[in-house]
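Chains C and B, in that order, give the protein sequences. Be aware that the first sequence starts at 1, since it is given in UniProt numbering, and climbs by one per residue. Be aware that the second sequence starts at 1, since it is given in UniProt numbering, and climbs by one per residue.
Because the hints were derived from the structure by calculation, they are not lab data. From a predicted model like this one, the values you see are computed outputs, not experimental measurements. We treat Cβ as the ideally placed atom computed from N, Cα and C, and that holds for glycine. There could be a bad hint or two in this list.
Below, computed lysine-lysine pairings styled on DSS-like, alpha-carbon distance capped at 30 Å [unchecked claim]:
1) B:K49 / C:K125
2) B:K160 / B:K218
3) C:K85 / B:K50
4) B:K272 / B:K160
5) B:K49 / B:K160
6) C:K160 / C:K85
7) B:K218 / B:K269
8) C:K125 / B:K50
9) B:K79 / C:K85
10) C:K85 / B:K227
11) B:K131 / B:K191
12) B:K79 / B:K49
13) B:K269 / B:K169
14) B:K134 / B:K106
15) B:K191 / B:K297
16) B:K191 / B:K218
17) B:K191 / B:K227
18) C:K85 / B:K272
19) B:K269 / B:K297
20) C:K85 / C:K162
21) C:K149 / C:K162
22) B:K106 / B:K272
23) C:K85 / B:K191
24) B:K49 / C:K85
25) B:K134 / C:K85
26) B:K50 / B:K169
27) B:K269 / B:K79
Listing some non-contacts, in silico: residues in chain C with all C-beta distances to chain B over 12 Å [what the hints assert, rightly or not]:
28) K4
29) D11
30) R18
31) T27
32) R28
33) R31
34) Y56
35) I59
36) L70
37) D74
38) Q83
39) D88
40) V91
Spelled out from the first residue to the last, the chains are:
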Amino acid sequence: MPNKTVMTAEDMRRTLSRIAHEIVERTRDIRSVVLVGMQTRGVPLANRLASLITEYEKIEAPVGALDFSLYRDDLGRRNFNPQVKSTDIPVGIEGKVVILVDDVLFTGRSTRAAMDALIEYGRPKIIQLAVLIDRGHRELPIRADYVGKNIPSAANEDIKVKLAETDGADEVLISSGE
Amino acid sequence: MLNETTAAPKTNAWNHRHLLDVDDFTPEEFEIVFSTADAMSEILSRPIKKVPALRGQTVVNLFYENSTRTRASFEIAAKNLSADVLNVTSTASSITKGESLIDTLKTLEALGANIIVMRHNFSGAPYLAAKHSKASIINAGDGWHAHPTQALLDLYTIRKHKGSLAGLKATIVGDVRHSRVAHSNIWGMTKLGMEVTLCGPPTLLPYGLDNPGANFPKVRVENQVEKAVANADVVMALRLQRERQQSGLLPSVREYVERYQITSERLKKAAKDVLVMHPGPVNEDIELATESAYGEKSVINEQVSNGVAIRMAILYLLSGRQGEL
Numbered sequence: 001m002p003n004k005t006v007m008t009a010e011d012m013r014r015t016l017s018r019i020a021h022e023i024v025e026r027t028r029d030i031r032s033v034v035l036v037g038m039q040t041r042g043v044p045l046a047n048r049l050a051s052l053i054t055e056y057e058k059i060e061a062p063v064g065a066l067d068f069s070l071y072r073d074d075l076g077r078r079n080f081n082p083q084v085k086s087t088d089i090p091v092g093i094e095g096k097v098v099i100l101v102d103d104v105l106f107t108g109r110s111t112r113a114a115m116d117a118l119i120e121y122g123r124p125k126i127i128q129l130a131v132l133i134d135r136g137h138r139e140l141p142i143r144a145d146y147v148g149k150n151i152p153s154a155a156n157e158d159i160k161v162k163l164a165e166t167d168g169a170d171e172v173l174i175s176s177g178e
Numbered sequence: 001m002l003n004e005t006t007a008a009p010k011t012n013a014w015n016h017r018h019l020l021d022v023d024d025f026t027p028e029e030f031e032i033v034f035s036t037a038d039a040m041s042e043i044l045s046r047p048i049k050k051v052p053a054l055r056g057q058t059v060v061n062l063f064y065e066n067s068t069r070t071r072a073s074f075e076i077a078a079k080n081l082s083a084d085v086l087n088v089t090s091t092a093s094s095i096t097k098g099e100s101l102i103d104t105l106k107t108l109e110a111l112g113a114n115i116i117v118m119r120h121n122f123s124g125a126p127y128l129a130a131k132h133s134k135a136s137i138i139n140a141g142d143g144w145h146a147h148p149t150q151a152l153l154d155l156y157t158i159r160k161h162k163g164s165l166a167g168l169k170a171t172i173v174g175d176v177r178h179s180r181v182a183h184s185n186i187w188g189m190t191k192l193g194m195e196v197t198l199c200g201p202p203t204l205l206p207y208g209l210d211n212p213g214a215n216f217p218k219v220r221v222e223n224q225v226e227k228a229v230a231n232a233d234v235v236m237a238l239r240l241q242r243e244r245q246q247s248g249l250l251p252s253v254r255e256y257v258e259r260y261q262i263t264s265e266r267l268k269k270a271a272k273d274v275l276v277m278h279p280g281p282v283n284e285d286i287e288l289a290t291e292s293a294y295g296e297k298s299v300i301n302e303q304v305s306n307g308v309a310i311r312m313a314i315l316y317l318l319s320g321r322q323g324e325l
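Generate the whole structure from the sequences, applying the supplied hints.
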């Protein structure tokens with residue numbers, strides 16, 4: 001099956017704008033928010049949300065990048081190249097409202113690993129999860145606090161999020177997996 | 001996100017199940033090790049230096065030859081990744097009863113070893129082990145042949161200071177012939193675009209290297225240390241392996257010191273920001289004058305710290321290939 005576009009650049013812009021508004025609305029102390037992008041595509045998304053929050057609230061929300069590869073539970077079980085990217089969280093997260101940002105929420109295993117990785121850096125007041133796409137098929141009891149778009153998908157379908165920062169264009173594609 | 005948006009990446013960037021030497025590494029594979037080590041360095045900067053990546057896996061340090069820093073470095077690296085670590089030394093095991101290498105490996109596998117870090121006094125022993133082992137084999141030094149993790153940590157240390165390795169000039173001084181560290185470094189340095197000058201008593205240099213061959217176009221031999229270190233970006237002194245000099249390859253240690261010791265005077269001819277390196281342990285005031293070993297240009301202690309990050313990276317990368325066993 002050829003790729004089908006399920007989200008255009010314009011859809012993505014509006015969706016991120018809504019999520020940023022939701023974060024502002026739900027967080028009483030917006031100054032305590034730290035956005036932490038999950039490597040790889042969560043990082044540019046976290047940066048975009050931070051700029052939108054700055055635009056709406058005139059505050060600078062700190063943004064960090066988190067690599068959680070070392071906390072995964074499937075090393076050696078899958079034939080993938082175990083690439084570790086950098087972690088850089090510029091502020092202490094102790095007592096803060098940390099919003100983990102990712103592109104796709106699928107089984108929930110990445111989120112579980114990311115929460116374990118994050119807690120090594122301190123004890124946040126609360127951890128919330130913001131995702132651009134929720135495609136279902138959870139294997140762990142995890143849900144997102146902010147969802148851009150729910151895309152009920154078959155397990156063998158691929159959801160591909162493209163971002164201008166990493167892929168040269170903004171769009172979300174769905175295709176049947178081989 | 002790493003693997004959930006699409007199927008697992010199909011790139012073949014890292015294909016090694018064992019680490020035997022760096023002679024078959026591509027520049028891309030060196031970069032994978034270095035960038036993984038960058039992430040491991042970040043863990044080493046934390047108050048609690050532990051991640052669960054290798055939880056449930058057993059790493060065996062199988063050492064047929066004495067070692068302090070390499071064995072300790074591997075042990076710390078494995079423990080930082082939450083692996084279970086078992087240390088087996090030849091003197092305190094059935095090896096003294098005549099158990100063969102392959103029998104020992106089979107026993108360790110039966111006990112659940114996933115990765116075997118092996119040091120052996122015979123060149124090539126880890127290659128034999130890799131042929132017969134289901135576990136991943138890491139060569140932690142074999143005879144005079146290779147010491148890949150030491151070379152990787154040396155290259156990583158240079159990269160940290162200089163940014164990139166291509167075009168840099170390295171001078172390796174001392175007993176190159178008996179040095180597995182030098183052999184692996186020559187492979188790594190030349191593959192990454194460095195120029196290598198070897199210097200030492202002719203009896204302690206490998207045969208054939210002074211005859212410029214197609215295999216090592218970027219390696220040259222220089223007998224005078226002053227000329228060898230001129231404009232060098234890296235000066236690496238090698239340990240004078242006195243235990244391997246029984247057959248009179250060296251007239252006297254005094255003469256060696258006079259002709260080849262890296263002194264601050266000789267270093268003045270090198271590049272201003274030259275890095276002084278040594279794989280350790282240093283025979284102080286033999287290969288290196290004290291002021292060079294501990295001077296501001298020395299990165300010897302950094303090499304030791306970077307060794308843990310590199311070994312964590314290698315253990316992690318090899319673990320990722322275990323699905324194929």
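Violating hint indices (sorted, rising): Hints 10, 18, 22, 26, 27, 36, 37, 38 and 39 are the ones this structure does not satisfy, whereas the remaining hints hold.
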